[in-house]
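Trainee: Each chain is listed here by its residues.
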Amino acid sequence: MENEIQVPINSDQDIVTARQKGRLLAAELGFSSGDATLIATAISELARNIVTYAKSGRITLTVINGSARQGVQVVAQDQGPGIGDIQQALRDGFSTSGSLGLGLPGVMRIVDEFEIVSEKDRGTTVKAQKWKR
Amino acid sequence: MEVPILKQGDFLIATIQAALTDADLLHLRTALLQQVVRRRSRGVIVDVTSLDVMDSFASRTLREIAQMIHLRGAEMVIVGIQPEVAFAMVQLGLKLEHVATALDLEEGLAHLKQKSESTL
Amino acid sequence: MARIETEPSSTQVAEEYSGSVEHVKPASFLLRELVAHLRDNRTQLREEWARRITEAKLLTAMTKDEIFAEATSVYDNYVEALETGTFEALQAYARNLSERIIPRGVETREVVGIVLLLRDVLARSLFAKYQADFTKLNRILDAYEPAANRIANTVAVGFVQERERIIREQQEAILELSTPVLQVRERLLILPIIGVIDPQRARQLTEQLLRGIRMNRAKVVVIDITGVAAMDATVANHLVQTVEASRLLGATVIVTGLSPEIAQTIVNIGVDLGKMNTVGDLQGGIEQAEHLLGYKVVPFAEAS
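Chains as they are written, first to last, in the numbering used here: chain Y, 36 to 168; chain H, 415 to 534; chain A, 1098 to 1401.
Excised from the complex, chain Y in its bound form (with noise of 0.2 Å):
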């Protein structure tokens, strides 16, 4: 089992594939099938918003180690236009095109850390940690 996955995001095919190896990296260090769903899903969520936001950017998914317990995290990158308004992305119901804008109020339900850096024009990088129960 590998410490670090990276997977170039350019495309929805790639979406799958992240999210794939997500899910195969949280059933090789014993998350119970639901939890690897919830993994599986957010890391296609951070995903989607690379490919519609940005257009290119990168998922590295790492093991963690805490103190008594294994994760994983999904840190998801770009160099896209960034987030003018954080806040307002965090608030539920946030949509610019009409969607369900970034979905980020979601991924943060299903994650336990979560952190999000975002510049306007320098692109955007959100970090997201799941531990193992």
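No lab work stands behind these hints, which were simulated from the structure alone. Some hints here could point you the wrong way.
Listed next, the in silico SDA-like pairs over lysine to any residue satisfying Cα-Cα at most 20 Å (straight line) [what the hints assert, rightly or not]:
#1 Y:Lys167 with A:Asn1193
#2 Y:Lys167 with A:Asp1295
#3 A:Lys1372 with A:Tyr1392
#4 H:Lys509 with A:Arg1311
#5 H:Lys509 with A:Arg1344
#6 Y:Lys167 with A:Val1257
#7 Y:Lys90 with H:Asp438
#8 H:Lys509 with A:Ile1366
#9 H:Lys509 with A:Arg1308
#10 Y:Lys167 with A:Leu1272
#11 Y:Lys162 with Y:Leu125
#12 H:Lys509 with A:Asn1193
#13 A:Lys1372 with H:Gly507
Nothing here was measured: the structure is a model prediction, and the numbers come from that model.
With chain Y held as given, fit chains H and A onto it using these hints.
Mentor: For chains H and A alone, coordinates are given in the frame of chain Y:
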């Protein structure tokens, strides 16, 4: 990968596989609408038993498909959502509002039959 | 992943050279010497250790042969961890060992005890070997102690983590047993919830129910919360999510026994109670469920 669409009497059954890309979904949307018109189907079942992740795009597109099919006078029902996928969906806030859902193919067909009988 | 510091800092080397003793060796050299000593004396040190384990009445759940076999594995892993400075193999071994001995009733104090005994046995052999050269003994111990402590820690923590994992699994199993999802009629499930629900239990109940819906092909579920005194917003949210998720599986949910307080909590989190199927009590809920399923309830007199 193209989603296979089978005809069963008055109904169409589309069976989705696990590795479903956005392009596949959009293609399905076009194909289903074409088939509904061409075959004058009264109902469509979308079987997602093999789908391991339902994210916002899939949920939104399925809702759109349901709306379009409804405009053609047909019913749509989604069957086979896995327990874990359902759980992830509600946590993400994806409710598939106004789209009928049933446990499996058998239930889906029963639902469509009941619906089409009641409109006769 | 931390590694044992094997290169001396420049100040350290300078200090060492300022003393005029000829046997100034960098720490990595000493470590190699230490490991060589442990390997050369493997047989007798292992036996000494096994003897002390029995003397201290540890691992009584295991036979002498089993103790010796495990002692050999632990010893070899120990020396390898000292040598390589990496602890992954040791961690994996510790988890594997714990998995095997926990069901046998081996306790934490025994595992910590035997690892500390090994540390003592090895330390004493070092004392014996280097007693003539106090300075060298000190330097060898400088190399040995942090590594030995790290090893003891790794094994003990590995054991405790494994125990905690098993306890968690058992607790979940107990929780599952204590709240069965009951199938009372074809296509009808009842989930009576009693007592305090925390978010973890709520999540577990949801997963259980969804699995149950699928397995029993249920079309209607009655969730009875008469026995639930209070519910905070998080758990109320879980309840709502359970209703929504059940619908995705084609099942209708009827919630019964909703107290005014809990009803208020649900309204407060922004849910339209009018959209939720609620009935006053369990009996009423079952009747409505049967109605939904198309059962006609016939009074006993008529039936006969």
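Trainee: If a hint holds in the structure, say so; if it doesn't, say that too.
Mentor: Hint check:
Simply put, Y:Lys167 and A:Asn1193 have alpha-carbon atoms about 19 Å apart, close enough for the 20 Å limit, and the pair holds. Taken as a hint, the Y:Lys167 and A:Asp1295 pair is honoured in the structure, with Cα atoms around 18 Å apart against an allowance of 20 Å. Simply put, A:Lys1372 and A:Tyr1392 have alpha-carbon atoms about 24 Å apart, too far for the 20 Å limit, and the pair is violated. Our distance criterion of 20 Å between C-alpha atoms is met by H:Lys509 and A:Arg1311, whose separation comes to about 18 Å.
With a C-alpha separation of about 9 Å, the suggested pairing of H:Lys509 with A:Arg1344 holds against the 20 Å cut-off. Taken as a hint, the Y:Lys167 and A:Val1257 pair is honoured in the structure, with Cα atoms around 16 Å apart against an allowance of 20 Å. For the hint linking Y:Lys90 to H:Asp438, the alpha-carbon distance of about 19 Å falls within 20 Å, and the restraint holds. With a C-alpha separation of about 17 Å, the suggested pairing of H:Lys509 with A:Ile1366 holds against the 20 Å cut-off.
The straight-line distance between the Cα atoms of H:Lys509 and A:Arg1308 is roughly 19 Å, inside the 20 Å bound, and the hint therefore holds. Annotation: proposed proximity of Y:Lys167 to A:Leu1272 holds, straight-line Cα distance about 19 Å (limit 20 Å). Pair hint Y:Lys162 plus Y:Leu125 holds up; C-alpha atoms about 14 Å apart against a cutoff of 20 Å. Restraint check for H:Lys509 and A:Asn1193: not satisfied, since their Cα atoms lie roughly 43 Å apart, outside the 20 Å limit.
Restraint check for A:Lys1372 and H:Gly507: satisfied, since their Cα atoms lie roughly 17 Å apart, inside the 20 Å limit.
Violated hints for the displayed structure, listed by number in ascending order: 3 and 12.
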